[in-house]
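Now for the letters of each chain:
Protein chains: 2
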Amino acid sequence: MTVYPFEKREFELRLTRTKSAMEKAGLDLLVICDPANMDYLTGYKGWSFYVPQCVLVHGEADIPVWIGRLMDAGAARLSTWLPDEAVVPYPDIYVQSRDRHPMDFVADQIKLRGWNAVRIGLEMDAYYFSGRAADSIRSALPDARFSDCDHLVNWVRNIKSEPEIGLMRQAGQLAKSAMQAAFDTIREGARQCDTVGEIYRAGISGVEEFGGEYTALCPMLPTGEGTATPHITWSDALFKRGEPTILELAGSRLGYHAPIARTLHLGPPPLKLADTAKIVIEGMHAALDAAVPGALAEEVEAEWRAVISRHGLEKESRIGYSIGLGYPPDWGEHTVSFRPGDKTVLRENMTFHCIPGMWLDDWGFEVSTAFQVTAGGAVPIYDFPEELHVRD
Amino acid sequence: MTVYPFEKREFELRLTRTKSAMEKAGLDLLVICDPANMDYLTGYKGWSFYVPQCVLVHGEADIPVWIGRLMDAGAARLSTWLPDEAVVPYPDIYVQSRDRHPMDFVADQIKLRGWNAVRIGLEMDAYYFSGRAADSIRSALPDARFSDCDHLVNWVRNIKSEPEIGLMRQAGQLAKSAMQAAFDTIREGARQCDTVGEIYRAGISGVEEFGGEYTALCPMLPTGEGTATPHITWSDALFKRGEPTILELAGSRLGYHAPIARTLHLGPPPLKLADTAKIVIEGMHAALDAAVPGALAEEVEAEWRAVISRHGLEKESRIGYSIGLGYPPDWGEHTVSFRPGDKTVLRENMTFHCIPGMWLDDWGFEVSTAFQVTAGGAVPIYDFPEELHVRD
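As you go down the protein sequences, you meet chains A and B in turn.
Position 11 (the first sequence) corresponds to 11 in the working numbering; numbering is contiguous.
Count along the second sequence from 1, add 392, and you get the number used in the working numbering.
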């Protein structure tokens with residue numbers, strides 16, 4: 001059980017901003033299934049998102065309604081600011097059943113409250129809102145007008161409060177400590193799994209003042225030819241001399257993430273890898289320099305692109321995204337991306353993970369910076385040497 | 393990068409069984425988005441399920457098609473048995489975009505192969521197949537006849553091969569070692585996060601012969617009043633004398649899981665907790681004794697229910713489910729449940745997690761057994777003392 005670090009006032013502000021965005025979007029009711037959004041609005045914590053659950057936000061209701069599995073109602077009562085009557089459990093017969101879906105129960109709750117003929121926003125592309133969930137609720141409420149609320153709450157989450165930034169900085173300490181644990185254990189002949197065991201121990205056990213939580217992605221650890229692709233995890237094979245290892249991991253403090261990526265090479269690196277590393281780091285700093293309030297997200301990427309083009313490199317994928325509160329399987333907020341065409345205007349206290357990885361034919365290089373946009377520009381959330389680390 | 397422990401022959405058998413189930417279900421094409429099902433059919437590993445990806449299985453095609461993000465195509469080439477031409481990447485412009493969805497790309501690939509006017513089975517309730525994904529593919533292929541394939545591949549996964557059982561037994565060793573790490577560190581005044589750090593280290597670092605992987609759920613560690621609800625995770629608070637702690641965790645060996653739950657009390661436990669523990673363990677063994685080939689899943693639960701009713705206890709939720717290959721956020725296979733109404737006939741080499749937790753008003757007790765159904769009955773996958781553990 002976590003004691004929530006926010007005042008009730010913080011939740012009230014979040015709700016107010018959500019309602020104002022709902023009004024703009026022409027929505028009366030939101031059905032929020034993204035666990036990060038549920039947590040953001042209510043404080044709800046618990047690894048229960050493997051069954052359908054949601055928070056209902058009605059524009060004219062003072063208090064959201066949590067709906068989840070009976071055995072998880074206790075977690076809602078312990079972790080949220082909601083009064084008991086706003087915690088509505090569904091019975092276990094709805095769980096993984098061929099005959100009924102929890103969204104049928106949610107629809108009944110919506111009808112009970114007289115909200116069945118209103119404009120309802122669904123999180124159509126949230127991880128834990130399946131095709132069947134969407135079909136179930138839409139067919140159970142024929143009088144409603146449904147639309148995709150298009151990450152409405154994710155967008156509300158974009159600008160962080162001071163307490164949120166504080167948690168992200170604590171997460172930065174955890175990330176640094178986890179990365180250090182990796183660097184302390186990677187050597188020729190050591191097992192990858194032993195390094196990852198130490199990464200986890202360091203990130204979770206944390207520091208003297210506070211501990212860490214599970215992160216939304218597991219540590220990534222491509223090594224050797226595996227570095228040509230970013231999302232490979234570890235095995236129990238040995239680290240080999242003459243091979244690079246990419247580490248992408250995060251610290252999480254009460255769900256707030258600080259991700260970090262670094263690359264280490266055992267033995268003298270090939271010249272091309274060393275050169276690429278320098279270009280990528282130069283490009284990343286050009287991007288960071290451009291990340292000032294008022295800049296467009298695509299302009300940040302353009303600065304990166306200008307640097308690497310000058311060196312004859314190309315990169316197809318985006319080089320960063322907004323971060324904050326995150327739940328598995330992703331710590332990205334699914335709103336702003338640093339890529340051509342993203343016209344989002346950067347504002348103070350937005351937070352990003354700039355991660356310009358290059359994956360070439362048989363190896364790759366990654367480095368990253370988690371940062372806060374301030375009046376004075378991008379301020380990193382942690383410091384950890386960025387260069388291609390070389391160990392003999 | 394993992395070297396896959398199965399012969400190609402194993403994948404061919406899996407594909408044959410899947411196609412035969414497709415024929416019975418009247419389906420020409422499956423769009424498989426569940427990462428465990430993707431792995432089961434192709435060997436694909438990688439934490440890339442946070443973007444849409446799928447495997448296409450056509451009844452008359454010899455080889456499935458992997459479709460995923462460009463940067464993950466390398467992981468598909470490294471980890472699957474598929475030839476390069478069966479690995480089809482989509483460009484990054486499809487990622488988290490308001491204008492286009494990766495399922496539009498998938499639909500184009502289906503058209504390219506002339507499969508657009510066939511009977512298509514979707515995994516309508518899979519975690520990573522969102523409402524928008526379902527709407528996108530359905531509207532892009534107006535000539536297809538869509539239906540919910542209703543966990544078709546999950547059901548094919550029910551009966552394990554010998555190599556799969558071998559991996560689950562290795563996972564059992566990891567689970568045991570992780571549980572032991574917890575028991576070694578829980579004491580009055582110790583921090584919860586330090587215990588969880590050791591759980592992770594033990595489960596991932598593994599044993600001398602092999603290491604572990606990430607588990608589909610994080611360790612659950614409700615403590616004190618938190619034990620009245622099962623899915624609460626840890627904090628950095630201290631363990632207190634006079635309070636129970638429930639541990640639910642797993643070992644994972646190449647994605648194959650062995651989950652285990654145990655309960656520990658610091659100081660003399662209340663009589664009611666000690667009594668409940670005895671009843672629950674007796675009930676669990678009655679259930680295990682009934683888990684023989686030919687029994688119905690609901691009969692297993694009925695034996696449990698008979699024991700606890702005799703002692704005046706009731707439990708609303710199911711007491712177990714099938715397990716095997718698992719990806720976040722759940723290690724259950726979403727097929728068989730031990731609960732009234734589940735008429736699945738148990739067969740040899742099915743594997744289950746029997747977990748009869750009781751969550752009462754202000755505390756709870758959990759114990760569990762992961763087991764294999766054999767001709768001779770249920771054989772546990774690990775051994776670890778079941779009683780309510782008491783530490784002074």
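I should point out that these hints are in silico values taken from the structure, not numbers from a laboratory.
A hint or two may mislead.
Pairwise CB distance ranges (calculated) [unchecked claim]:
| id | chain 1 | residue 1 | chain 2 | residue 2 | range |
| --- | --- | --- | --- | --- | --- |
| 1 | B | GLY451 | A | VAL379 | 51 to 61 Å |
| 2 | B | LYS416 | A | VAL379 | 57 to 67 Å |
| 3 | A | THR374 | B | ILE485 | 44 to 54 Å |
| 4 | A | PRO91 | B | ALA417 | 24 to 34 Å |
| 5 | A | SER147 | B | ASP784 | 31 to 41 Å |
| 6 | A | GLU188 | B | GLU399 | 30 to 40 Å |
| 7 | B | GLY704 | A | ASP84 | 25 to 35 Å |
| 8 | B | LEU405 | A | VAL345 | 52 to 62 Å |
| 9 | B | PRO555 | A | GLU348 | 50 to 60 Å |
| 10 | B | GLY634 | A | ASP84 | 20 to 30 Å |
| 11 | B | HIS703 | A | PRO5 | 52 to 62 Å |
Once the Cα atoms are required to be at most 30 Å apart in a straight line, the calculated DSBU-like pairs of lysine-lysine come out as [to be verified]:
| id | chain 1 | residue 1 | chain 2 | residue 2 |
| --- | --- | --- | --- | --- |
| 12 | B | LYS670 | B | LYS632 |
| 13 | B | LYS632 | A | LYS8 |
| 14 | B | LYS400 | B | LYS416 |
| 15 | A | LYS240 | B | LYS400 |
Glycine residues also receive a C-beta, built at the ideal position from the N, C-alpha and C atoms.
Verification of the hints:
| no. | hint | in the structure |
| --- | --- | --- |
| 1 | GLY451/B / VAL379/A: 51 to 61 Å | holds, 56 Å |
| 2 | LYS416/B / VAL379/A: 57 to 67 Å | holds, 60 Å |
| 3 | THR374/A / ILE485/B: 44 to 54 Å | violated, 31 Å |
| 4 | PRO91/A / ALA417/B: 24 to 34 Å | holds, 29 Å |
| 5 | SER147/A / ASP784/B: 31 to 41 Å | violated, 59 Å |
| 6 | GLU188/A / GLU399/B: 30 to 40 Å | holds, 31 Å |
| 7 | GLY704/B / ASP84/A: 25 to 35 Å | holds, 27 Å |
| 8 | LEU405/B / VAL345/A: 52 to 62 Å | holds, 55 Å |
| 9 | PRO555/B / GLU348/A: 50 to 60 Å | holds, 55 Å |
| 10 | GLY634/B / ASP84/A: 20 to 30 Å | holds, 26 Å |
| 11 | HIS703/B / PRO5/A: 52 to 62 Å | violated, 42 Å |
| 12 | LYS670/B / LYS632/B | holds, 23 Å |
| 13 | LYS632/B / LYS8/A | holds, 27 Å |
| 14 | LYS400/B / LYS416/B | holds, 25 Å |
| 15 | LYS240/A / LYS400/B | holds, 27 Å |
Of the numbered hints listed earlier, those contradicted by the structure are 3, 5, 11.
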